[in-house]
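Visitor: Going line by line, the protein sequences match chains P and A.
Everything in the first sequence is counted per my numbering, starting at 17 for the first residue and increasing by one.
Everything in the second sequence is counted per my numbering, starting at 17 for the first residue and increasing by one.
Hints may be right or wrong, so weigh each one.
A pair counts as met if it fits within one copy or between any two copies, since identical chains are not told apart.
Capping the alpha-carbon separation at 30 Å, the derived lysine-lysine pairs in DSSO-like fashion look like this [as the list claims (entries may be wrong)]:
no.: 1; residue 1: 148; residue 2: 23
no.: 2; residue 1: 44; residue 2: 243
no.: 3; residue 1: 256; residue 2: 26
no.: 4; residue 1: 353; residue 2: 23
no.: 5; residue 1: 443; residue 2: 148
no.: 6; residue 1: 391; residue 2: 110
Bear in mind the hints are in silico, worked out from the structure with no lab data behind them.
The chain contents come next:
There are 2 protein chains.
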Amino acid sequence: MSFNVPKTDKKRVVIVGGGFGGLKLANKLCAKHEYQVVLIDRNNYHQFPPLIYQIASAGIEPSSISFPFRKIFQRRKDFYFRMAEVRSIFPEHKIIQTSIGKVQYDYLVLAAGTTTNFFGNSPIEQEAMPMKNVSEAMGLRNALLDNFERALTCASDRERQELLNIVIVGGGATGVEIAGALSEMKNFVLPKDYPDLPTSWMNIYLIEAGNRLLPAMSEESSAHVEKYLRGMGVNVLLGKMVTDYDHHSVKLKDGSTIATRTFIWVSGVAAEPIGNMPEQLLGRGRRIKVNACNEVEGLDGVFCIGDQCLMTGDPAWEGGHPQLAQVAIQQGNLLAKNLHRLAKGKDMKPFRYRNLGTMATVGRNRAVAEFSKVKMAGFVAWVMWLVVHLRSILGVRNKIIVLFNWMWNYFSYSQSLRMIIYAKKAKEVRRREERLASTHWGTDLQSEGSEDLQE
Amino acid sequence: MSFNVPKTDKKRVVIVGGGFGGLKLANKLCAKHEYQVVLIDRNNYHQFPPLIYQIASAGIEPSSISFPFRKIFQRRKDFYFRMAEVRSIFPEHKIIQTSIGKVQYDYLVLAAGTTTNFFGNSPIEQEAMPMKNVSEAMGLRNALLDNFERALTCASDRERQELLNIVIVGGGATGVEIAGALSEMKNFVLPKDYPDLPTSWMNIYLIEAGNRLLPAMSEESSAHVEKYLRGMGVNVLLGKMVTDYDHHSVKLKDGSTIATRTFIWVSGVAAEPIGNMPEQLLGRGRRIKVNACNEVEGLDGVFCIGDQCLMTGDPAWEGGHPQLAQVAIQQGNLLAKNLHRLAKGKDMKPFRYRNLGTMATVGRNRAVAEFSKVKMAGFVAWVMWLVVHLRSILGVRNKIIVLFNWMWNYFSYSQSLRMIIYAKKAKEVRRREERLASTHWGTDLQSEGSEDLQE
């Protein structure tokens with residue numbers, strides 16, 4: 017195997033990760049034809065995280081909020097997409113090692129985002145269901161529906177209770193949104209689909225260690241959301257720490273337990289790790305420390321943008337910017353400009369975050385939104401949430417499909433996609449994965465993990 | 017675990033399989049409230065086989081041609097759905113053993129359809145990709161897209177050729193339709209998505225052991241379809257037998273080989289096996305022999321309908337009816353009437369197949385259709401194909417989504433859903449599957465496989 021990107025007289029920018037930041041950067045760079053652009057992602061598609069929870073609750077399909085990179089960049093010159101994972105960086109040689117071979121860069125941009133943070137608790141990591149990407153969300157949907165089916169025929173009342181209880185850990189936007197969506201499923205779908213299962217058996221717990229939901233928003237919005245969720249029957253537990261999960265039982269620090277086989281973990285994120293990144297370059301949440309121009313300090317020609325980086329020193333955001341789409345998009349945008357300035361021999365400009373506001377929804381007609389001094393809650397906020405998110409989804413086709421699904425689900429009071437489907441993995445693909453997993457990835461430049469992949 | 021369906025004073029009809037036949041029967045029985053109806057299926061949804069090939073070619077999503085059973089039967093009285101697999105039948109006790117426990121029946125209707133027939137060739141069974149259900153079709157789509165990605169970075173030209181060649185074995189409707197869809201992908205999508213991969217490297221082979229494609233249709237239609245496919249660049253090989261698959265190479269009986277890692281097997285079907293069904297009750301293709309009223313000969317109160325059964329003696333169809341949706345639907349319909357006649361003490365009526373015609377499409381503007389004496393080919397047949405299939409898809413929502421996707425793909429000349437996505441299986445679900453797989457299923461009534469499933 018070889019990375020197989022031709023060498024031209026243009027300088028090469030390698031972008032790791034096609035999320036909001038990486039995609040914006042790649043698009044802007046391609047438009048000016050100054051650089052050769054190489055985009056690396058472990059998936060062949062861009063995904064839209066704000067709506068991933070709706071995949072889990074059977075409201076929309078993964079394909080409606082995903083978009084193939086190759087389609088986005090059709091007919092772009094000097095652009096190369098490679099589906100691969102990055103293993104390590106050799107900054108002194110300006111080379112990265114990936115799962116499909118080595119590639120040389122002139123500028124390297126890390127934009128790989130975050131991964132679920134289990135805070136080192138390995139029983140929880142083993143058992144909990146995270147919800148960071150479309151694949152995990154599909155798995156959660158399947159497990160949820162499977163649990164409902166099993167609840168009808170299981171051996172004991174205790175098992176039935178485990179199968180029907182849902183525990184969500186983490187009171188941020190994702191936790192709030194999935195709690196709302198699942199409580200709508202409980203109230204509107206369960207009684208019709210499973211008349212033999214008393215709805216009262218299904219309890220939804222939303223557990224947050226802090227003293228309020230949506231800690232990133234105002235106390236007013238937190239209060240609204242808590243009221244909405246309680247009104248929909250969600251058990252909101254504040255100031256409670258989850259310490260363990262064992263024998264289908266979630267353990268809290270205060271000694272109490274909750275029986276469940278649907279244990280959803282959306283409690284925090286850590287920056288996506290890059291193999292041999294020196295420890296001293298990492299900050300809070302393992303985010304890579306960057307200066308005001310998103311340069312990784314000490315690594316020549318290496319940048320980091322979006323959720324994966326930590327930029328301190330912005331007076332309004334002393335501890336670093338929030339890990340939101342807007343920050344990533346604005347940083348991708350600025351870095352494209354800065355790379356063009358570098359090409360012309362000009363100095364780079366520092367990043368300045370423009371806060372466009374934050375919002376969260378808990379279900380039909382209910383949301384909260386904040387824009388600088390304006391705070392909203394209820395129906396108007398909900399409509400705004402819909403419009404803002406619909407506008408942000410990539411592609412006309414996807415916009416139409418998502419809007420149609422939303423309308424359908426709204427008027428039918430049901431999330432329609434209640435099928436348990438797993439793609440059957442072809443033997444050829446399984447073999448390839450096993451080979452990749454058994455490959456030893458050296459951390460020095462000479463060791464050539466990828467050679468082992470040849471047949 | 018227990019099957020957990022309450023005993024009432026109504027007689028119980030247990031239906032195994034929710035395909036065209038089983039679904040029609042269950043619907044008709046529910047409408048008259050004469051019986052308690054129990055529907056068993058290994059999936060929680062009905063699927064629409066005629067369009068499964070479009071899932072594989074990334075044109076539509078599984079959810080667009082699937083429909084949850086619980087949604088279909090919402091608010092039906094005396095109806096029970098159970099997601100389970102049938103292990104064995106004990107006709108002398110009128111009991112079946114399933115993966116979730118035993119259940120007693122008054123009437124048992126087998127409607128489990130067919131499975132892929134590898135004709136005992138185990139290397140092929142191990143390696144080939146079948147396309148009988150939505151899960152296999154999703155797996156095929158993912159493998160196909162993965163192969164394209166790998167072709168860009170693989171080690172040798174030989175491997176690249178293996179990754180880009182596609183071999184389809186079986187010249188029936190499914191083989192013809194997937195060959196057409198993939199050649200459209202080759203011609204319209206590949207050059208735009210993979211400008212570095214010369215289209216000429218991608219060869220599509222359609223191999224049929226007989227001397228013409230679509231053997232179930234007229235020679236005229238066969239000739240049309242062959243001409244269409246050749247015109248689209250498909251290598252149609254007639255009168256060729258595939259004997260083996262080894263080291264990414266398909267071996268033909270004449271000694272020639274074709275290198276490929278995309279080896280699609282749609283060459284034949286065998287009736288879905290039922291654990292302890294006596295051999296003497298099975299006919300051609302392991303189909304269960306039934307009389308003109310779909311009764312399994314020798315098993316009191318047991319019926320079999322659709323693709324799974326073999327009804328000989330119909331003068332027009334001496335060797336048994338074709339395994340088509342229409343036969344299953346008509347048999348399901350008649351059996352519902354016959355069961356109602358039985359309840360009233362009347363005699364059952366024999367089955368008479370009304371042939372509504374057959375059709376197949378090879379892609380945009382091209383199809384063949386036959387209705388008794390009328391034969392059509394080309395654009396008109398293609399429009400008819402679209403209308404007939406759209407009408408047959410269950411649910412208004414699905415009809416709209418499929419129509420939208422068809423229109424989008426037609427005008428954009430591209431199958432849009434080119435994402436490689438696998439649902440991540442939750443640990444709880446994996447554990448459950450392992451437990452089930454390790455359960456010993458006895459073939460006598462006393463052995464209680466399902467007991468082992470308790471925790």
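Visitor: Compare the structure with the hints numbered earlier in the document and write down the numbers of the violated ones, lowest to highest.
Guide: Per hint list: 1, 2, 3, 6 violated.
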